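Enquirer: Taken in sequence, the protein lines are chains A and B.
Here the first sequence is numbered in the working numbering, starting from 31 and rising by one per residue.
Here the second sequence is numbered in the working numbering, starting from 32 and rising by one per residue.
Simulated from the structure, these hints should not be mistaken for lab results.
In this text, all values refer to a predicted model and were calculated from it rather than measured experimentally.
Where hints are given, some of them may not hold.
What the hints assert, rightly or not - What follows is a list of derived Cβ distance ranges for each label pair:
#, chain 1, residue 1, chain 2, residue 2, range
1, B, 75, A, 57, 24 to 34 Å
2, A, 57, B, 51, 54 to 64 Å
3, A, 38, B, 204, 31 to 41 Å
4, B, 130, A, 32, 40 to 50 Å
5, B, 323, A, 52, 44 to 54 Å
6, A, 63, B, 362, 40 to 50 Å
Stated by the list, open to error - Residues from chain B shown here face chain A by an in silico Cβ test under 10 Å; the list is partial:
#, residue
7, 48
8, 186
9, 238
10, 315
Heads up, the beta-carbon is just placed ideally off N, CA and C, and yes, glycines get one too.
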Amino acid sequence: MDGNCLREALENVFEKNPKLRGYVLDDQQRLRHHVVIFIDDQVIQDRVKQTDSLQADSEVYIMQALSGG
Amino acid sequence: MSDKIYAGTRKGLMTLQKGQEGWSVSQVDFLGHNVSMLLEDPRDGWLYACLNLGHFGTKLHRSSDGGQNWEECSVPVYPEGAVIGGGPFVEEGMPKTMPASLKEIWALVPGGADQPEWLWAGTIPGGLFLSKDRGTNWELIEPLWNREERMEWFGGGKDEPGIHSICVDPRDSQHVTIGVSCGGVWETRDTGASWELLGEGLRADFMPPNLANNKNSQDAHLLVQCLSDPDKMWIQHHNGIFYSTDGAKTWTEIENVEPSAFGFAVCVYPEDGNKAWFVPGVKDECRVPVDAQLVVTRTSDGGKTFESLRNGLPQEHCYDIVFRHGMDIDQTGNQLVFGSSTGGVWISEDGGENWVSITNTLPQIYCVQIAK
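Work out the full structure, taking the sequences as your base and the hints as a guide.
Expert: Right, here's the structure in full:
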């Protein structure tokens, strides 16, 4: 993912795949309640604006958190 | 074999009785209320029902006469100021902890044969409680609550973490093993005074690869222990089926299970720890039976092979899922019963070879128990 911060990187990905946006972010552009993102094995801090910084070699995992039964 | 089954449902506690004309609902208690957990204590016959009232919170009722008369007793209470970790969902600027307040009694288990009137309760959020007087008073097991790892637990299935499995070792009542969603498998050998995090070999696909084997993040859906051979334990985990032969220290993942290794419930044969039953769904993202055909899978060789048992179970357009406490096995190991997310109950009296439908019209079923 290219970008200096997570949101920038997400936007770059959404540009290529617009439909993905609504699966990761809600209608207010917050991270969806049951989605979690890790940057280099750390859970992100800013679920609202996704301003967490990225390094050039950062690994980003977008995971579905556990929900339902 | 038993002629009575209890089912805790979305709309009450249902008692199912076998009469001359077969099985039928014989009694309904707590009509309209969530019965999140129930227990018939095999040591004294007392019956317990855990309720989640929409307006008025979590309650516990008990009956000394098989459900003819009920009295409300106490529920576990967290100490003043107790908090849980926010988990991975805390937003920037929000507190990293949240007040701990009882959401649900998710596990209720009798103490050992040498501990009459003792009850263990696992709660949401993340508390283990002990009552030594049939639920009149409860104490929080603080040595577990105070472990720093607990603050990293997070919700699996529910928004807050919870303790859903409590296994009291039949050889030694001081030895208790618990399962937490999501917080792994923990063991005490001194009735809760000290705790060790177990679970080598468990795997969590919902974490990044480097963290997948973190013991404290594992999501066992249910942990069960063989009564006659208690070192043999099974986990139906969020990411599959795992088997331990050393009392939960190390786990082997059972792969290539057909039609699926995803599910919630598991029962183990009381006389042989190599034998266990599961009710599979497709996968996390598709929680329905594979091909809309309801099956029970059974292994008799410690997970090397599995059979799909389907005689008497619906084989088309069936979308029933069995929740983690929704299946039970009797002491003989031949009678099995399970209740589903859409109100079906099926019973087998031959170890799962053949099943009979008792009803398809109950409310959503959270838990079932075969009366002793």
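Enquirer: Evaluate each hint against the coordinates.
Expert: We went through each hint and held it up to the structure:
no.	hint	in the structure
1	B:75 / A:57: 24 to 34 Å	violated, 55 Å
2	A:57 / B:51: 54 to 64 Å	holds, 59 Å
3	A:38 / B:204: 31 to 41 Å	violated, 57 Å
4	B:130 / A:32: 40 to 50 Å	holds, 41 Å
5	B:323 / A:52: 44 to 54 Å	violated, 28 Å
6	A:63 / B:362: 40 to 50 Å	holds, 43 Å
7	48	violated, 28 Å
8	186	holds, 7 Å
9	238	holds, 7 Å
10	315	holds, 7 Å
Comparing the model with each earlier hint shows violations of hints 1, 3, 5, 7; every other hint is respected.
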